[in-house]
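Undergrad: With these hints in hand, go ahead and build the complete structure from the sequences.
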Amino acid sequence: MKVLIIGAGPAAAGAALALSADPDVVVRVIDVGGRLEPDNDAARLRMAATEPAQWSPSDVRIVSQVAQRTEESPLPEKRNFGSDFPFHDFGQLAGVSGEGTVNTHVVSGAYGGFSNTWGAQTMVYSAASFNDWPFPRSELEADYRAILSQIPYAAEQDDLAEYHPLWGDADNLPSLSENSQMILDAYRRHRVQVRRHGVIIGKARLALRGAACVSCGLCMTGCPYSYVYSASQTFDQLIADKKITYEGGYVALRLGENDDGPFVDTRNVATGEIETMRADKILVACGAIGTTRLVGSSLDVFAQPIHFQESAQFVMPFASIRAHSAVTQDNSFTLNQFNMLLPFDEAGKDLVQIHGYPYNDAMDDAVPQILKTPAMRTIRATLLKRLTVGLGYLPSWWSPGFDVTLERPASSGDLAPVRVGPSALDTGQSSKRLRQVNARLLRVAPFLGVAPVLPMVSLSAPGKSYHFGGSFPHATNPSGRESDVLGRVDPWRSIHLVDASVFPTVSATTFTLTIMANAHRIARSLLEDRHG
Amino acid sequence: MARQKRTTVGVTGAGGYLGGAVSSLLREKGYDVVEYRRSAGEDEMGLPVRKLELGAPIEPHVFDGVRSLVLAAWDLTETNSAKSWERNVEGSKRIVAAARAAGVSRIVFVSSMSAYYGTHQNYGLMKLAVERAVLEADQIVVRPGLVYGGTPGGMTLTLSRLAQLPVIPVFRGANLFTAHVDDVVGALATLAVGRDAASGVVGLANAAPVPFKAIMRAVGDAVGSSARTMDIPWRPLLLLLQTLEKVGVPLPVRSDSLLGLVRPAREVPGQDLAASLGLAFRPFPDGLEESFESK
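Protein sequences appear in the order of chains A and B. Residue numbers are given in our numbering: position 387 of the first sequence equals residue 387, and the series is strictly consecutive. Residue numbers are given in our numbering: position 157 of the second sequence equals residue 157, and the series is strictly consecutive.
Heads up, some of the hints might be wrong.
[As the list claims (entries may be wrong)] A partial selection of chain A residues facing chain B, derived with a Cβ cut-off under 8 Å: (1) Ser-126; (2) Ala-127; (3) Phe-135; (4) Ser-138; (5) Ala-161; (6) Glu-162; (7) Pro-165; (8) Val-192; (9) Lys-243; (10) Arg-322; (11) Asp-345; (12) Glu-346; (13) Gly-348.
[Said to hold, decoys possible] Computed footprint of chain A on chain B; a stretch qualifies when at least three of its residues, placed anywhere within it, have a C-beta under 8 Å from a C-beta of chain A: (14) 80 to 91; (15) 249 to 257.
[Stated by the list, open to error] Some chain A residues close to chain B (C-beta under 10 Å, calculated; not the full set): (16) Val-124; (17) His-164; (18) Arg-189; (19) Gln-193; (20) Gly-198; (21) Ala-347.
No lab work stands behind these hints, which were simulated from the structure alone. Every residue, glycine too, gets a C-beta built ideally from N, C-alpha and C.
TA: Following this line, the structure appears as structure tokens:
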């Protein structure tokens with residue numbers, strides 16, 4: 001069987017991992033293939049070859065460029081090894097526009113996709129998160145485990161396992177920052193009181209080689225040692241093992257099926273040449289919006305809004321009563337260190353999550369200009385020593401989501417123009433829920449010694465969470481724009497959507513692991529079908 | 001009774017009220033039962049007992065041969081909430097994880113009607129935390145209501161003593177779901193060995209709430225007490241109990257127990273699931289008097 005995978009992000013990696021288990025399956029992966037700039041990559045490689053003490057200041061300066069402010073969100077846009085390549089337009093963003101403050105950097109052309117720059121949070125969805133899905137979590141358990149066995153994983157058994165089981169073997173996390181540890185210690189001392197107010201706290205679970213981490217503080221700008229997982233690592237390995245072939249430099253334009261089977265028309269980014277590629281099965285993993293554009297334009301879904309479900313993001317700075325000893329990211333890991341979980345129902349479906357981040361240099365960069373003057377240095381340090389930044393997520397059913405509208409492309413060699421706009425379905429639920437989150441956190445503040453800075457709590461712009469999908473949701477008996485449980489949209493039988501575009505809902509639990517597991521499940525089912 | 005297929009069922013807390021009763025019933029029904037208690041040895045019938053103590057290390061092979069496990073153990077002696085959490089919640093979670101890793105295919109966790117979303121009771125919060133771990137492992141949680149009947153013990157004994165006071169304290173608005181012990185034990189046995197039990201929460205109680213005042217009057221009648229009931233305002237009493245607990249005064253009733261009484265669950269969960277399994281719970285006070293007559 002020949003399988004063509006379009007895309008090289010986490011969904012594609014999950015599918016490729018499943019397919020590569022069968023030596024009789026020929027797997028070809030194509031994508032846009034944007035890469036880190038050579039100078040930045042060279043600096044990264046030099047650093048990876050030595051201990052942090054030997055790093056040259058100029059290399060560190062290149063790769064540690066902090067996140068950049070954008071108009072869409074109070075949260076700056078991350079940089080990876082000093083580059084914007086995960087967000088850069090390599091041709092895949094042609095025709096993408098947005099209304100108002102909507103994020104438009106929504107399709108990655110990078111090899112590895114947005115996983116080059118993600119927060120690495122790796123958590124199994126709660127069982128009840130699947131209540132609106134056409135299959136239970138138990139059907140994904142083997143796939144979750146398969147993925148977790150193939151990626152770096154640092155996680156510890158704690159209260160979060162009451163909702164998100166810890167499947168697979170995991171490293172411990174590296175030592176936490178003082179602030180994070182203070183919060184976790186306070187939670188352990190006052191666990192019953194905190195939980196009485198509906199707040200549960202545990203350590204982060206990360207796609208990170210925790211045992212190898214040297215705590216150099218550069219996690220948020222790119223780990224020089226590649227200890228933070230990116231889908232590109234999976235592809236690098238599968239290519240090296242000759243289990244797949246990979247070709248970058250292609251933009252997928254149109255899908256279809258005919259008597260000869262499924263096909264995809266592509267454009268070579270360098271030459272502009274149009275090429276039709278065929279396989280027995282095609283798996284579409286371009287990221288939810290990239291996939292929606294490709295599928296929608298292939299099925300003539302033009303000039304009508306396609307609703308996207310998004311787990312809305314909010315930024316929640318916390319101020320602690322006690323200060324940590326120094327304002328520095330040195331000697332620590334700076335990824336998400338702890339998670340707050342706020343259940344709003346008994347079943348474990350209506351969950352809100354907040355990921356707690358320790359100090360990193362981007363926070364210093366983001367303080368108001370007035371605090372950056374030499375005269376304000378002491379005040380700035382005093383504030384930063386007490387700062388923990390929470391990135392929170394609401395489930396999609398409490399979030400506004402957004403709409404995507406496709407326009408017919410000017411020619412067969414062009415991508416369909418995409419307009420991303422606010423959702424007509426927004427009921428204002430997110431603001432109400434955010435107030436409830438604030439209220440709970442204020443009630444537990446005396447126990448935890450840390451309180452949300454309410455005037456600075458804000459919902460991010462639509463699309464900014466990068467946790468969105470649901471344009472072709474799985475359904476048992478699909479109709480209209482729904483897909484079946486194998487990600488097939490009518491009338492196609494051999495084209496499978498495998499990324500978040502097929503998610504019926506988007507839980508507040510960070511979803512990359514579930515994307516990979518679901519893609520793995522669909523790909524595994526192809527192998528099972530093949531073997532009868 | 002014809003001997004059924006010999007499924008081996010483990011029961012923790014087998015020295016307790018419900019654990020002991022379900023062990024006996026399963027044996028009567030022809031199942032092999034492995035009793036777990038704080039120390040290994042023999043039970044009252046001379047049958048072997050395996051050691052499994054909440055909060056203590058779990059010995060290897062302790063679940064050998066066990067297919068189904070009823071978790072009825074809970075230590076109420078620890079009054080410090082942090083220590084109680086470590087022993088009961090973390091201890092129970094470790095047992096669940098170890099049992100699953102050892103291949104135990106079904107776990108039935110005996111929780112409480114005090115465990116519900118929004119509970120403020122420590123006991124309910126702790127039970128709820130274990131429930132979550134059990135449910136995420138695709139297993140079964142049961143929440144017995146106020147269990148009465150049988151040999152006077154547990155709550156039946158407590159209530160009978162209360163009913164013999166000169167004045168019986170009752171609390172306005174305190175309504176409880178009740179269950180006869182035989183119905184609860186029968187349900188536990190069904191869930192432990194039945195084929196079709198899906199993961200979920202099943203309330204083991206009659207769906208009609210009974211005012212605490214009515215419960216106490218019925219218990220008073222059963223024990224021949226003619227004492228009058230008196231409505232006690234619970235908030236000042238709760239405050240008093242909490243204050244006395246903070247200064248270390250030993251009390252016969254804990255503030256947390258009072259909270260459970262006056263802030264009960266509003267409904268019996270999983271009634272559809274219970275009905276689908278043929279589980280039925282007689283209305284209160286059916287079967288109450290027999291327990292005192294047999295005494």
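Undergrad: Give a verdict on every hint.
TA: Here's how the hints hold up against the structure:
1. Ser-126: holds (7 Å)
2. Ala-127: holds (6 Å)
3. Phe-135: Hint violated; Phe-135 of chain A Cβ to chain B Cβ min 14 Å, cut 8 Å.
4. Ser-138: With Cβ-Cβ at 6 Å, under 8 Å, it holds.
5. Ala-161: holds (6 Å)
6. Glu-162: holds (3 Å)
7. Pro-165: Pro-165 of chain A check passes; min Cβ-Cβ to chain B is 5 Å, inside 8 Å.
8. Val-192: Constraint on Val-192 of chain A satisfied, holds at 5 Å.
9. Lys-243: Violated - the Cβ of Lys-243 of chain A stays beyond 8 Å from chain B, reaching only about 31 Å at its closest.
10. Arg-322: violated (21 Å)
11. Asp-345: Given a least distance of 6 Å, the restraint on Asp-345 of chain A holds.
12. Glu-346: Holds - the Cβ of Glu-346 of chain A comes within 8 Å of chain B, reaching about 4 Å at its closest.
13. Gly-348: Check passed: Cβ of Gly-348 of chain A comes within 7 Å of chain B, closer than 8 Å.
14. 80 to 91: holds (count 3)
15. 249 to 257: violated (count 0)
16. Val-124: Hint on Val-124 of chain A: holds, closest Cβ of chain B at ~9 Å, below 10 Å.
17. His-164: Cβ of His-164 of chain A sits 8 Å from chain B, so the hint holds.
18. Arg-189: Hint holds; Arg-189 of chain A Cβ to chain B Cβ min 7 Å, cut 10 Å.
19. Gln-193: The hint holds - Gln-193 of chain A has a Cβ within 10 Å of chain B, the shortest such distance being about 8 Å.
20. Gly-198: With a closest approach of 8 Å, the Gly-198 of chain A hint holds.
21. Ala-347: holds (8 Å)
Hint violations for this structure: numbers 3, 9, 10 and 15, all remaining hints satisfied.
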